[in-house]
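Protein chains: 4
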Amino acid sequence: MNDIRVSSEHRFSCKVYYEDTDCMGVVYHANYLRYLERARSEMLASRGTSVQEYGERGILFVVYRIEATFRAPARLGDVMEVITQARLTSQYRSTFEQRIEKGGQLLVKADVELVCIDKSGNLQPVPDFM
Amino acid sequence: MNDIRVSSEHRFSCKVYYEDTDCMGVVYHANYLRYLERARSEMLASRGTSVQEYGERGILFVVYRIEATFRAPARLGDVMEVITQARLTSQYRSTFEQRIEKGGQLLVKADVELVCIDKSGNLQPVPDFM
Amino acid sequence: MNDIRVSSEHRFSCKVYYEDTDCMGVVYHANYLRYLERARSEMLASRGTSVQEYGERGILFVVYRIEATFRAPARLGDVMEVITQARLTSQYRSTFEQRIEKGGQLLVKADVELVCIDKSGNLQPVPDFM
Amino acid sequence: MNDIRVSSEHRFSCKVYYEDTDCMGVVYHANYLRYLERARSEMLASRGTSVQEYGERGILFVVYRIEATFRAPARLGDVMEVITQARLTSQYRSTFEQRIEKGGQLLVKADVELVCIDKSGNLQPVPDFM
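Protein chains in written order, with my numbering: chain A, 1 to 130; chain B, 1 to 130; chain C, 1 to 130; chain D, 1 to 130.
Treat the hints with care, since some could be wrong.
Partial list, derived from the structure: chain D residues whose beta carbon lies under 7 Å from chain C [stated by the list, open to error]:
| hint | residue |
| --- | --- |
| 1 | T21 |
| 2 | Y64 |
| 3 | L76 |
No more than 25 Å apart at the CA atoms, straight line, and that leaves these computed lysine-lysine pairs for PhoX-like [unchecked claim]:
| hint | chain 1 | residue 1 | chain 2 | residue 2 |
| --- | --- | --- | --- | --- |
| 4 | B | K15 | B | K109 |
| 5 | A | K15 | D | K102 |
| 6 | C | K15 | C | K102 |
| 7 | A | K15 | D | K15 |
| 8 | B | K119 | D | K119 |
| 9 | B | K109 | D | K109 |
| 10 | C | K15 | B | K102 |
| 11 | A | K102 | D | K15 |
| 12 | A | K119 | A | K15 |
| 13 | D | K15 | D | K109 |
| 14 | C | K15 | A | K109 |
| 15 | C | K119 | A | K15 |
| 16 | B | K15 | B | K119 |
| 17 | A | K109 | A | K15 |
| 18 | D | K119 | B | K102 |
| 19 | A | K119 | C | K102 |
| 20 | C | K119 | A | K119 |
| 21 | C | K102 | B | K15 |
| 22 | A | K102 | C | K119 |
| 23 | D | K119 | C | K119 |
| 24 | B | K102 | D | K15 |
| 25 | D | K119 | B | K15 |
| 26 | C | K102 | B | K109 |
| 27 | D | K15 | B | K119 |
| 28 | C | K109 | C | K15 |
| 29 | C | K15 | A | K119 |
| 30 | D | K119 | B | K109 |
| 31 | C | K102 | A | K109 |
| 32 | D | K15 | D | K119 |
| 33 | B | K109 | A | K119 |
I should point out that these hints are in silico values taken from the structure, not numbers from a laboratory. The structure displayed is predicted, hence computed values, not measured ones. Even glycine gets a Cβ: it sits at the ideal position worked out from N, Cα and C.
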């Protein structure tokens with residue numbers, strides 16, 4: 001499809017605190033999804049409109065599908081970088097290709113599909129945030 | 001004050017999963033507050049009206065103050081019991097005296113003060129849930 | 001492959017509390033992964049060995065890959081059922097096919113690949129928990 | 001007691017993401033405790049030794065008691081400041097006086113008592129991190 005639009009890469013840094021870890025001594029797997037979501041929120045804000053501003057306009061970004069591979073763990077105190085590239089695959093769907101790295105090492109790789117809905121849950125076109 | 005009303009004790013059981021623990025090998029301290037809140041929600045529901053039903057009527061229970069002592073830790077797989085007793089200390093304030101136990105051993109003791117507000121944030125009388 | 005082994009279905013019930021929701025009014029997407037993990041832990045325990053017992057033997061189950069589709073949201077107070085079926089796809093890899101339902105309606109569908117490691121992070125055969 | 005030692009104030013900034021909020025539209029009360037803990041971790045690190053370094057030396061900081069008042073809520077996208085001042089009240093106990101502010105407005109005020117233990121759970125003197 002020649003209509004696909006791809007953003008430039010966005011980089012977001014975050015750190016592991018106690019709350020993020022579990023008793024296996026590493027970050028609890030579901031918590032990487034939080035880092036991914038923080039990074040997507042920051043990416044949108046960096047393009048001019050924050051998720052709360054979209055929300056005030058009645059546009060909610062919701063995760064429809066996620067595919068994530070966990071390659072290596074992060075530990076307490078680690079500083080990671082979340083690298084995000086968005087791809088508008090149709091008028092109604094965007095895919096965020098994300099990876100979490102630590103000092104250049106890949107920890108997590110994820111494709112996250114988001115759709116937009118209004119407050120009644122009806123599908124909306126993804127706003128052009130690029 | 002002779003107007004203070006005290007509920008009977010409510011008991012709620014819950015279990016420690018990976019998500020609850022941190023890399024010190026025990027439950028992350030802030031997560032005990034979640035168990036306390038689950039127990040308060042269950043207590044209210046057991047008295048006839050759930051928190052979501054109160055919410056539909058525009059009554060939101062919010063935590064105003066919490067005082068908690070952490071005596072002993074819970075670990076992965078532990079089954080705990082949360083024991084809750086509510087005390088209406090005024091028309092506008094309720095205190096939930098709660099403790100988390102494991103096999104009769106006290107893990108956490110907490111006093112949690114709740115107030116009720118409407119959706120605009122205005123203080124409301126605490127409904128008589130007893 | 002004729003070596004694939006498939007478990008029977010395991011059913012686990014859980015409920016949505018305030019902690020699980022976000023300001024969009026529904027369960028925060030990453031929190032469904034917690035429900036999935038609770039259900040896997042309960043499934044293992046129901047087959048005779050809990051995750052903490054495996055941990056004491058030096059066998060840690062870690063999520064290697066997750067693919068999840070979020071079809072419909074859960075809300076405060078909802079009681080959901082997590083249905084889990086495990087599939088041993090090789091000596092070193094197991095896939096848990098899971099879905100979260102509410103009153104028969106599919107909310108989330110997920111395939112979760114787990115591997116086993118020892119405390120040094122070395123890959124171990126998946127124990128036969130079936 | 002003339003032995004009490006008080007640190008200077010430490011300031012730490014953090015932001016509200018979806019993960020932090022609940023369906024009442026504001027930050028879930030227990031999540032403020034995470035912000036407080038992040039700030040304490042950053043304060044220790046800023047004094048030369050991080051919590052993971054203390055952990056490697058076998059010194060674990062654990063929360064013994066918390067008293068928190070929730071004055072005003074934070075919402076999605078809010079940037080808060082956590083202001084922390086530590087007080088060594090005895091050889092074995094430290095109190096962190098913390099407040100969370102937004103644009104100068106007080107949101108949460110908390111006193112958090114920490115003790116130090118070794119890996120066997122035995123009480124240890126609080127290291128002089130000041």
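Status of the hints after comparison with the structure:
1. Of the supplied interface hints, the one on T21 of chain D holds, with its beta-carbon coming within about 4 Å of a beta-carbon of chain C, less than 7 Å.
2. With a least beta-carbon distance of about 23 Å to chain C, the hint placing Y64 of chain D at the interface is violated under the 7 Å criterion.
3. At about 5 Å, the closest approach between the beta carbon of L76 of chain D and any beta carbon in chain C falls short of 7 Å, and the interface hint on this residue holds.
4. Among the hinted pairs, K15 of chain B with K109 of chain B is consistent with the structure: their alpha-carbon atoms are about 17 Å apart, no more than 25 Å.
5. Taking the CA atoms of K15 of chain A and K102 of chain D, the gap is about 22 Å. The hint holds against a cut of 25 Å.
6. Taking the CA atoms of K15 of chain C and K102 of chain C, the gap is about 10 Å. The hint holds against a cut of 25 Å.
7. Between K15 of chain A and K15 of chain D the CA atoms are separated by roughly 13 Å; this keeps the pair inside 25 Å, and the hint holds.
8. Of the pairs offered as hints, the one joining K119 of chain B and K119 of chain D is violated, with about 47 Å between alpha carbons and a cut-off of 25 Å exceeded.
9. For the given pair, K109 of chain B sits about 20 Å from K109 of chain D by alpha-carbon distance, which is consistent with the 25 Å threshold.
10. Taking the CA atoms of K15 of chain C and K102 of chain B, the gap is near 22 Å; set against the 25 Å cutoff, the hint holds.
11. With a C-alpha separation of about 22 Å, the suggested pairing of K102 of chain A with K15 of chain D holds against the 25 Å cut-off.
12. At roughly 33 Å between alpha-carbon atoms, K119 of chain A and K15 of chain A are farther apart than 25 Å, so this suggested pair is violated.
13. Distance check on the hinted pair: K15 of chain D and K109 of chain D sit about 17 Å apart at the alpha-carbon level, within 25 Å; holds.
14. Proximity of K15 of chain C to K109 of chain A is assessed by CA-CA distance (about 30 Å); at most 25 Å being required, the pair is judged violated.
15. Between K119 of chain C and K15 of chain A, the direct Cα distance comes to roughly 23 Å. Compliance with the 25 Å bound is thereby established for this hinted pair.
16. A threshold of 25 Å between alpha carbons decides the hint, and for K15 of chain B with K119 of chain B the separation of about 33 Å lies outside it, so the pair is violated.
17. In summary, the hint linking K109 of chain A to K15 of chain A is supported, as the alpha carbons are separated by about 17 Å, within the 25 Å threshold.
18. As the CA atoms of K119 of chain D and K102 of chain B are separated by approximately 21 Å, the hinted pair is consistent with the 25 Å bound.
19. At roughly 21 Å between alpha-carbon atoms, K119 of chain A and K102 of chain C fall within 25 Å of each other, so this suggested pair holds.
20. Pair hint K119 of chain C plus K119 of chain A does not hold up; C-alpha atoms about 46 Å apart against a cutoff of 25 Å.
21. Pair hint K102 of chain C plus K15 of chain B holds up; C-alpha atoms about 22 Å apart against a cutoff of 25 Å.
22. Under the criterion of a C-alpha separation no larger than 25 Å, the hint pairing K102 of chain A with K119 of chain C is consistent with the structure, at around 21 Å.
23. For the hint linking K119 of chain D to K119 of chain C, the alpha-carbon distance of about 17 Å falls within 25 Å, and the restraint holds.
24. Taken as a hint, the K102 of chain B and K15 of chain D pair is broken in the structure, with Cα atoms around 36 Å apart against an allowance of 25 Å.
25. Taking the CA atoms of K119 of chain D and K15 of chain B, the gap is near 23 Å; set against the 25 Å cutoff, the hint holds.
26. For the proposed pair K102 of chain C and K109 of chain B, the alpha carbon gap of about 34 Å is over 25 Å, so the pair is violated.
27. For a cut-off of 25 Å, the pair hint linking K15 of chain D to K119 of chain B stands: about 24 Å separates their Cα positions.
28. Taking the CA atoms of K109 of chain C and K15 of chain C, the gap is about 17 Å. The hint holds against a cut of 25 Å.
29. Between the alpha carbons of K15 of chain C and K119 of chain A the distance comes to roughly 23 Å, so the proposed pair stays at or under 25 Å and holds.
30. Annotation: proposed proximity of K119 of chain D to K109 of chain B holds, straight-line Cα distance about 23 Å (limit 25 Å).
31. Under the criterion of a C-alpha separation no larger than 25 Å, the hint pairing K102 of chain C with K109 of chain A is inconsistent with the structure, at around 30 Å.
32. Of the supplied pair hints, the one linking K15 of chain D and K119 of chain D is violated, its CA atoms being roughly 33 Å apart against a limit of 25 Å.
33. A C-alpha spacing of about 40 Å is found between K109 of chain B and K119 of chain A, which places the hinted pair above 25 Å, so the restraint is violated.
In terms of the numbered hints stated before, the structure departs from hints 2, 8, 12, 14, 16, 20, 24, 26, 31, 32, 33, listed from lowest to highest.
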